[in-house]
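Student: If you read the sequences in order, they're chains W and H. So the first sequence is numbered by the numbering used here: it starts at 1 and just counts up by one. So the second sequence is numbered by the numbering used here: it starts at 1 and just counts up by one.
What the hints contain is simulated information worked out from the structure, not anything from laboratory work. Heads up, none of these hints are tricks.
Copies of the same chain look alike in the list, so a pair counts if it fits in one copy or across any two.
Once the Cα atoms are required to be at most 30 Å apart in a straight line, the calculated DSSO-like pairs of lysine-lysine come out as:
hint: 1; residue 1: Lys-298; residue 2: Lys-47
hint: 2; residue 1: Lys-364; residue 2: Lys-47
hint: 3; residue 1: Lys-361; residue 2: Lys-47
No experiment lies behind these values; they were computed from the predicted model shown.
2 protein chains.
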Amino acid sequence: MDGQDEENDVLLLERTASSFFRYKEFALEEFWRPRILRWESLSEHQKQMIPWYNSYLEDVHDAIETNSIFYMNLLERSVKLWGLNSDPNLWAQPSGTDMRKTISMLNQIAREWSTHCEEERDQFLLLLTEFLEEKFPSDRNTIKILIPGAGLGRLAVEMVRLGFNTEANEVSYHMLMNSQFIMDGGLQKEQIALFPFVHSFSHHINRAEQLRQVNIPDMNIVEEVGGNGLLSMVAGSFPDLYGPNVNIKQSESYSNSAYIREVRAANRGSKHVVITNFFIDTCSNILDYLETITHVLKVDGYWINFGPFMYHFEQDHQTEMTADFDAYTGELSNILDTPLRGIELSHEDILEVATTHFPFKLLKQQTNISSSYGTNKLDISMLGYQCSFWVLQKT
Amino acid sequence: MDGQDEENDVLLLERTASSFFRYKEFALEEFWRPRILRWESLSEHQKQMIPWYNSYLEDVHDAIETNSIFYMNLLERSVKLWGLNSDPNLWAQPSGTDMRKTISMLNQIAREWSTHCEEERDQFLLLLTEFLEEKFPSDRNTIKILIPGAGLGRLAVEMVRLGFNTEANEVSYHMLMNSQFIMDGGLQKEQIALFPFVHSFSHHINRAEQLRQVNIPDMNIVEEVGGNGLLSMVAGSFPDLYGPNVNIKQSESYSNSAYIREVRAANRGSKHVVITNFFIDTCSNILDYLETITHVLKVDGYWINFGPFMYHFEQDHQTEMTADFDAYTGELSNILDTPLRGIELSHEDILEVATTHFPFKLLKQQTNISSSYGTNKLDISMLGYQCSFWVLQKT
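Bound-form chain W, shown alone (with noise of 0.2 Å):
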């Protein structure tokens, strides 16, 4: 990592952990106070038909409270560990987008690290399982599975439980932050409470469903996978650790330092396994996820995708600079300015592609698989998505 990279690093985990500073003053000026303008703006007569309002209004209050809580606790822990500042006043301001973070992490912890949750994720882990103990029935401490967009290190746990060496691996401070926190807190089951779906004011039957309290982790995860050295966290963008050296434009998600170079070429072949989950369109190009699958598998080697294809960038106006990389003299060609949505393949499109212009075989897909991704199941929710499952093998 060069000296630039390393100031941007520090900038990206200041704003981070100043978005967790700031959780309750923004979801309480968010969520909370123009409510209770509107609750004020109301007839007597009105404020009479829904007399419980205003005592509805301070429970919100207080699970935003809660929720604050289980970030001043994670900054507390982390603020030495991550080598910031010690005065939170000092970090670089977050975003807008770095604040919505903080409210959607909430419901990713549930989705991740809650009981409530389970059968959504068991949708995948079975299918996964049931593929995995027919090709691994022994040995599984030699097999390497490696999980790029690894989120807060759920599937990793559950695959470290199977007896898998397993690299997680993930690019955002906000899920790296939170997971860290998480898994290595040496929290006790159920130790920390959250409200993670108080922010939602729609799609209820009734108001105790946004209220739900929700108890995480659902495991003492230091006593399930501790120490027995299965597990591995790796932080940063998957195609720049992961892919090859060639065939990738440089750009924000992929460096060309003489180090990064070295790192790629000694992961080239190194995993038997790739597990993509909710992962594949969060990527601005795919076929660049399509060269750094193939580039990190052994041959004989296994991908297995679940998620739907809702690319990430299909709606952001933002561009970002790329280049040809010339690997002798070090210079840069081709300087474009690119969008970053643009390569959204469809279902049909990515397994053809993997299949004549990479050196993949179909073994097992399925379409149409509902997944409700961490909404609140019990309320009248949005439906969430049709995931794919599909397994490759590298030929």
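Given the coordinates of chain W, work out where chain H should sit on it, guided by the hints.
Tutor: Below, chain H without anything else, positioned relative to chain W:
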């Protein structure tokens, strides 16, 4: 309507017409051009993996062209009819929201007027028809039905086909101009080709689904319902036109001129049935809708509801002026800058208020009815919404 209102109205109408006029320019800039740039930024190596991509983008371009022809035909017919200036360049400029509505309108057209979405429409229509046929076995032309938020008029036409005297109320000029053209434009069955799904690049099993052509309307509407005098369309805000003259605060959707107060008084107890279909979550204050439904229904009349609780203003940061109005002096008091979001009641909350503070008794209710809401049901789309159905009777 006073001079100020009239001026606002012309402005809104011009912005709407202008958004149709600029659809092609907007859609190409938003959906097509960034993808051409992204495609061109790929290396030759990656371009060869998806050699069909360039011609696929040409298909996207052609589909946008075809949609644009629909809007140009609509304008050709509408300019005189709506009293618009004959030079589109002199119309008020559309906002970003106006432009995005031209996109979602095309989905709405498919939803209401194509065979493609028949199954979705039938979910509510079958429940509704069963109830109405039982309650009103004969003399239906004396039974007055009101449909607020009537959209493009399909449900109103279905009620007329059953023989009911039907009033369709709608406030959006995007809806009104489209429904006017579709319903009164003398269109032959399936005369118009549209590509309503072309703007969505996510959630596809294959790209043919994105490029699916839909033909509208699925009937000759004039032949079906023309000339029997059972259908009327009324433009304006639902509480403004049909609400009581007390208990609702003055706001952008509820005014207090002498004229409108007379209109409301005349509408009191005038309807046998009010049908709200994907409507009750469009309000800023649902209690105003409850006041209005109660006011416009006859004693023993029915309120039939179908739809989700996806409150349209939940994430809207705008405010509006609300105030109390003195009917004798015309003076305003308690003038407040009021958030549009803030009163989002759940299924159970609404039924409780309706049956305790309003004179309703509950006849039927059903929850968790899945609806695809105009998504392209043949692709791996988002799953849509869970809907509630209920019938309340005014006592």
